[in-house]
Amino acid sequence: MTATGSQEPRNPARPAPAASAGAGQGSNRAGQGSNRAGQGSNRAGQGSDRAGQGSGLAAQIGLVARGDPAAFDAVFEQIGPSVFGVVKRVIRDSAQSEEVTQEVLLEVWRNAAKFDAGRGSATAWVMTLAHRRAVDRVRSVQKESERERRIAAADIPYDEVVEAVESSLERERVRRCLNSLTEVQRESVTLAYYRGYTYGQVASLLGVPTGTVKTRMRDALIRLRDCLGVAE
Amino acid sequence: MKPGKRDAHTLVGAYAMDAISAPDRERFERHLAGCEECAREIASLREATAVLGAAAAEPLPAGLKERVMAAAAMTRQQPPADEAKAKPNARGSWPRSLAWPGRLVLAAGAAAAAAVLALAVVFGVTNGSMRQQLDQAQASSQQIAAVLTAQDAVMTSGPVSGGGTATIVMSHTRHALVFTAQGLRALPASRGYELWLIGPAGTRPVGMLPAGSHGMTGPVIASGLRQGDHLALTAEPAGGTARPTAPMMLDVDL
Chain A
1 MTATGSQEPR
11 NPARPAPAAS
21 AGAGQGSNRA
31 GQGSNRAGQG
41 SNRAGQGSDR
51 AGQGSGLAAQ
61 IGLVARGDPA
71 AFDAVFEQIG
81 PSVFGVVKRV
91 IRDSAQSEEV
101 TQEVLLEVWR
111 NAAKFDAGRG
121 SATAWVMTLA
131 HRRAVDRVRS
141 VQKESERERR
151 IAAADIPYDE
161 VVEAVESSLE
171 RERVRRCLNS
181 LTEVQRESVT
191 LAYYRGYTYG
201 QVASLLGVPT
211 GTVKTRMRDA
221 LIRLRDCLGV
231 AE
Chain B
1 MKPGKRDAHT
11 LVGAYAMDAI
21 SAPDRERFER
31 HLAGCEECAR
41 EIASLREATA
51 VLGAAAAEPL
61 PAGLKERVMA
71 AAAMTRQQPP
81 ADEAKAKPNA
91 RGSWPRSLAW
101 PGRLVLAAGA
111 AAAAAVLALA
121 VVFGVTNGSM
131 RQQLDQAQAS
141 SQQIAAVLTA
151 QDAVMTSGPV
161 SGGGTATIVM
171 SHTRHALVFT
181 AQGLRALPAS
191 RGYELWLIGP
201 AGTRPVGMLP
211 AGSHGMTGPV
221 IASGLRQGDH
231 LALTAEPAGG
241 TARPTAPMML
251 DVDL
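So the sequences go chain by chain: A and B. Taking the numbering used here, the leading residue of the first sequence gets 1, the next gets one more, and so forth. Taking the numbering used here, the leading residue of the second sequence gets 1, the next gets one more, and so forth.
Derived by calculation from the structure, the hints in this document are not laboratory data. Glycine residues also receive a C-beta, built at the ideal position from the N, C-alpha and C atoms. Hints are supplied without guarantee of correctness; some may be wrong.
Unchecked claim - So these bits of chain A aren't anywhere near chain B, every CB distance computed over 12 Å:
#1 65
#2 120
#3 183
Unchecked claim - Computed spacing ranges between beta-carbons, pair by pair:
#4 B:34 to A:63: 51 to 57 Å
#5 B:186 to A:66: 47 to 53 Å
#6 A:226 to B:241: 44 to 50 Å
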């Protein structure tokens with residue numbers, strides 16, 4: 001009895017993740033390849049970049065729906081950093097952001113068959129999922145009072161965003177479009193989207209009536225959409 | 001246009017950015033169900049917010065992709081919409097496994113109580129803490145039996161990254177699950193396995209797993225399951241921590 005007890009099973013480094021990591025490396029290269037392709041068309045023109053990236057991801061998600069791990073790997077390479085970035089922007093805490101990012105990507109795996117290309121791009125589908133999850137996490141985890149204290153202590157997020165969105169063509173484009181908004185529009189969008197605040201919280205932070213904030217948010221997104229050239 | 005409808009429509013921007021409280025969201029979604037125009041506008045605005053999100057991209061932390069790929073390998077995918085509607089219970093995670101018959105798990109549950117009972121008999125139940133332990137073991141054993149015998153009990157099984165196999169029997173009506181593992185890698189005395197429930201309701205430690213015996217760990221009962229919870233396992237300092245600090249070795253969507 002003691003003999004069996006002392007013989008703790010010793011499994012060497014787990015074969016299952018190793019196997020999937022191996023598969024990952026193969027398609028990793030594929031993912032990088034398509035990244036380069038994406039960048040190429042980015043230089044070619046904004047419109048074709050959006051369309052090219054979107055349809056590539058949509059096709060991969062179609063394969064993921066059929067249980068293709070290599071396609072899931074490619075989806076990860078393409079959109080994983082964006083998911084993690086937006087989740088972390090809202091949640092701040094690294095460990096929690098990692099958790100939520102895992103949840104989001106696992107949800108993409110699970111619900112790939114639910115993606116409907118007729119109702120928007122694959123990027124928008126995944127990013128909507130990611131943002132919603134991040135916001136739900138901060139709102140359920142944080143006590144209301146704690147949250148209010150953080151709002152009071154919030155620095156102006158715009159500079160931070162500008163800083164974060166430097167140094168790539170895409171980011172430059174976003175920066176330029178954010179700059180084309182009025183100040184209230186821009187702050188409404190950055191506080192809501194990057195901080196995860198409700199329009200009511202944004203209104204109290206900016207000292208503007210809620211009705212105004214609601215309208216500014218809508219106007220701002222319409223202007224952004226047109227400026228970014230993502231309108232269908 | 002009625003004032004109410006107009007008011008609802010101005011919420012499209014806030015809604016597209018999730019900048020809306022839960023009650024407002026519900027109200028707006030009722031409006032949305034009958035407003036094709038709103039749905040189209042929101043879809044187009046979300047193309048813009050997606051670009052805002054992409055502009056915040058950051059390199060993924062090391063190992064995150066591997067963990068998700070491993071979790072995906074044992075996560076059942078949802079069938080396309082129509083089929084899912086016909087089978088609401090298909091919202092499962094791992095496939096049912098035949099490797100661990102439910103009876104074996106039940107036996108393990110009884111074994112935990114029996115082990116304490118055997119000690120109590122050998123040493124005589126004169127010790128208060130021993131009695132307490134026995135009561136606890138019996139209570140836990142009853143809880144375990146309640147989960148295992150629940151009509152909606154579902155068993156799932158899958159590998160733990162780092163070694164071993166975890167088996168979970170879950171009952172949504174009991175809001176509880178029973179966790180057992182086989183062949184978990186032995187940890188140094190200063191560390192132990194900690195089980196977590198993670199979901200919209202927050203991250204709650206379930207507790208430290210007891211040391212394995214004959215390669216078997218548990219059973220451990222986790223109660224208070226909430227909608228959207230995941231079950232996770234990490235290796236933590238032996239005393240346990242309030243939040244997971246180590247990489248997930250298991251992350252099961254419940």
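Verification of the hints:
Residue 65 of chain A, annotated as away from the interface, has a beta carbon of chain B within 12 Å; the closest lies near 7 Å. The beta carbon of residue 120 of chain A is not kept farther than 12 Å from every beta carbon of chain B, the shortest such distance being approximately 4 Å. No Cβ of chain B approaches the Cβ of residue 183 of chain A within 12 Å, the least distance being about 16 Å, so the stated non-interface status holds. Residue 34 of chain B and residue 63 of chain A have their C-beta atoms about 35 Å apart, which leaves the hinted 51 to 57 Å range violated.
For residue 186 of chain B and residue 66 of chain A, the hinted distance range of 47 to 53 Å is not satisfied, since their beta carbons lie about 39 Å from each other. Between residue 226 of chain A and residue 241 of chain B, the C-beta spacing of about 49 Å keeps the proposed range 44 to 50 Å intact.
Comparing the model with each numbered hint stated earlier shows that hints 1, 2, 4 and 5 do not hold.
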